[in-house]
Amino acid sequence: MSRDADIIGRVTSPTEPQRPIKVLIAKPGLDGHDRGAKVLARGLRDEGFEVVYTGLRQTPEMVVSAALQEDVDVVGLSILSGAHMTLLPKICAGLREQGMDDVLVTAGGIIPDADVPALTEAGVSRVFGPGTTIREVAEYIRGNVRRSD
Amino acid sequence: MSGGTAGEGTLAERARAGDRRALARLLTEVENRTAAGEQALRALYPQAGRAHLVGVTGAPGSGKSTLVAALVTEARRDGRPVAVIAIDPSSPITGGAILGDRVRMQSHAGDRDVFIRSMASRGHSGGLAAGTIAAAAVLDASGFPLIFIETVGTGQSEVEVAAIADTTLVVQAPEMGDEVQAIKAGLLEVADIVVVNKSDRPGADRAASQLRAMLTVGAQHDRAMGDRPRPKRPDVLLASAMTGAGVAELLASLDRRDVVRRSGGTAETDAAALKRAEAQLYGILAQRVGDQLRAPGRSERRNATLRAVAAHEIDPYSAADRLLALLAENPHE
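For the record, the sequence lines run as chains W and X. For reference, each letter of the first sequence is one residue, going 23 to 171 in the numbering used here. For reference, each letter of the second sequence is one residue, going 2 to 334 in the numbering used here.
Bear in mind the hints are in silico, worked out from the structure with no lab data behind them. There may be inaccurate statements among the hints.
Covered stretches of chain X, as calculated for chain W (at least 3 residues, CB under 8 Å) [what the hints assert, rightly or not]:
#: 1; stretch: 24 to 33
#: 2; stretch: 86 to 98
#: 3; stretch: 108 to 120
Just so we're clear, the structure is a prediction, and the values are computed from it rather than from any experiment. The C-beta atom is built at its ideal place from N, Cα and C for all residues, glycine as well.
Bound-form chain X, shown alone (with noise of 0.2 Å):
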């Protein structure tokens, strides 16, 4: 009766028209990199960029997916739409993955407006999938105005998300262990905001503060360092996802960022898009490259300097700009 297939228009239309099966559908699409998933995010793109996109990212098990769950609830009490992308781990050997995300979320199960869909890796590393930027395309332009991007359990340099992120939220356990784990290089850094889940836990007042005064020091030296690039200063939370203490807080420290983003923003906001847009411009041009690479009359040649990479017969610089060449080159010739 509300059945996908029978309603009228693109997919894109009808995703953004709120019709739920079209935007699976289309989110399936983008995925998998097809010619319409390519077509429909031509159409969808301009009417992005609106959502506040929130990167979370942790170890495994550290709690995030559910915090995020906890985090969704709270926006839903004031009764904004919101959307959730979960990324689990492709095997490297099978193809195969298991998304269990969903098991810490489902209940929001039965709501319209809370869309949760899960990602696998398919190969792509640094903690995303190759097709989130352009699933939150879609999601924010079929009308959600909160988007969680939740990686793969992470380790210390998975960074990638805080590329595609307006705001990048970093969770961490109680135990996470001592002042020389907070000040690492990596993950920490690109935190805009550090929560420590599960303060239900014995040690989580104790690893805040360590975390706080390991990451927010600094603001003086920070002057002194002029246009050199510097840390950001994140806060650094206290909250629970099991017993809900910090998770309002959490929410409306998401939310005063979000602010100043739409108010056009601080410099560092300019470049979090700006950034965005090279990860995305990027990841599509090299596809396109390994295509027309692959494409006949050309892949013969490029099997061949692949074999000669392996066997060390020529070094993968001169490669590269042998097959720059070859992409110059009319494949038909």
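For reference, chain W alone in the conformation it holds in the complex (with noise of 0.2 Å):
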């Protein structure tokens, strides 16, 4: 019975609230490469995220402008170019200064370990290195996300 009613709830409940984790994923720099990129967001699209994607070319402001415009809880980063230390760091106080301490800022692509801990320290909580899969990506999201309710 409780199972049944279970089912019906997911069947049938198209107005009740749903609040899918919504994550920004952003291409900084001037890199070109954004397969890895989308294939996160195809891959965090079937975890059930709502990601909205910025395309390429992305200057720190353009960044923190969509982060505060869409409202996101996440915010990840892409970037294979080499110029993380300069741009990574940006992003994170332009956010702060906004007031969105409570997004979470993840990257990922092409960063050398050595860099990590100056990257954690400006406010980057998790750094993904190649061969990282899409589950581990969502299940951090999950289970790190501030959401402000």
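Given two chains presented individually in distinct reference frames, assemble the corresponding complex, making use of the accompanying hints.
Structure, rendered in structure tokens:
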């Protein structure tokens, strides 16, 4: 009976508020390699997230502005150009300046291990390297997102 | 420093005062249909009703987002603040979504008078999200005089946007088909303006003249129809969002319609406002009825009725009557 009610609840509640986690996937800087970002966006979609994708060649200001207008829970930054030590701290600072301290910031791409502590210090909560599975990213987000509700 | 959380006043007050962080937060509350969102809407609704709501619809890949971005650029030349609500579909399986319309609109990032918000359809059919009208009201009350509502990529009959927008723009690509496509009922019928986008591509002029021939004929027939519902006679324009050709003319055409609307309007625009009110009200009624039926004391009988319909033991009309009768009862009896 309770299982039955559960099924009915799931099947018949289109007006029930649903609140998927909202993620911004952004490509800051000047590299044109967005296959990884797109694959991740697609994978997170399949994990039930609402994923806003910004496209290539974003300045830190563009990323912050998109995160603000979309009121996302998570900002995922994909960067393979080597400019991560310049761009990622700027984005983290920009988010803080706009009062978005509660937004979870993650990064992925080609980022040397030696740079991770400085990025963590700047506000990137997790750096995902090559070989990370989509499931790992999804679980990390679910476990660490700080939703204000 | 301009910290959203540190501001004074309610989200609605702060959004109206120009706090973009508060506006974004409020749109989330409205989209999630929270009590806070509802309360804010009650406060904001009387301040809304001023903006020109322009629905932009058309097939996937017809260039809706790029065209909206071009129209925003054009409107910004006059210094007008512009908001965009861009809807993309939610997965019916996982509930997830890719909201990709911003990709075409990023040239406006950093302009605080351009506010772009993506919404997932979240199971709502018809090309919009359930919270779209409410989100538009919030942006309207927050001082955006021009609001574009871009639907999901549509097919032939997702005409809901026409019920909520003041002006409906249907975007067509040059290779949209022949004249028979142009005379089919549905999407093209609700257009106030049809734009053949990608006018830099071959075949665009031909497509526009075919559409004109099929859509704009019949004025004489209209007069003969007297008071019967008559089809719209849309303007057919050519534009290229890529080169910018025709975009200024398109915005001018939208503005002319806005002037008519604001100057007291025609019977047609009154009808649009009534339809929007109806769509909004019925949406809320359906939600309230759903909530009440899920309330403790009723949900058991609601579920039993659903199971009976699923098993074909009772017809859905009798079931609906039964549930309406259930609503009239005191839930605690």
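Hint-by-hint comparison with the structure:
no.: 1; hint: 24 to 33; verdict: holds (count 5)
no.: 2; hint: 86 to 98; verdict: holds (count 6)
no.: 3; hint: 108 to 120; verdict: holds (count 6)
Going through the hint list in order, the structure satisfies each hint without exception.
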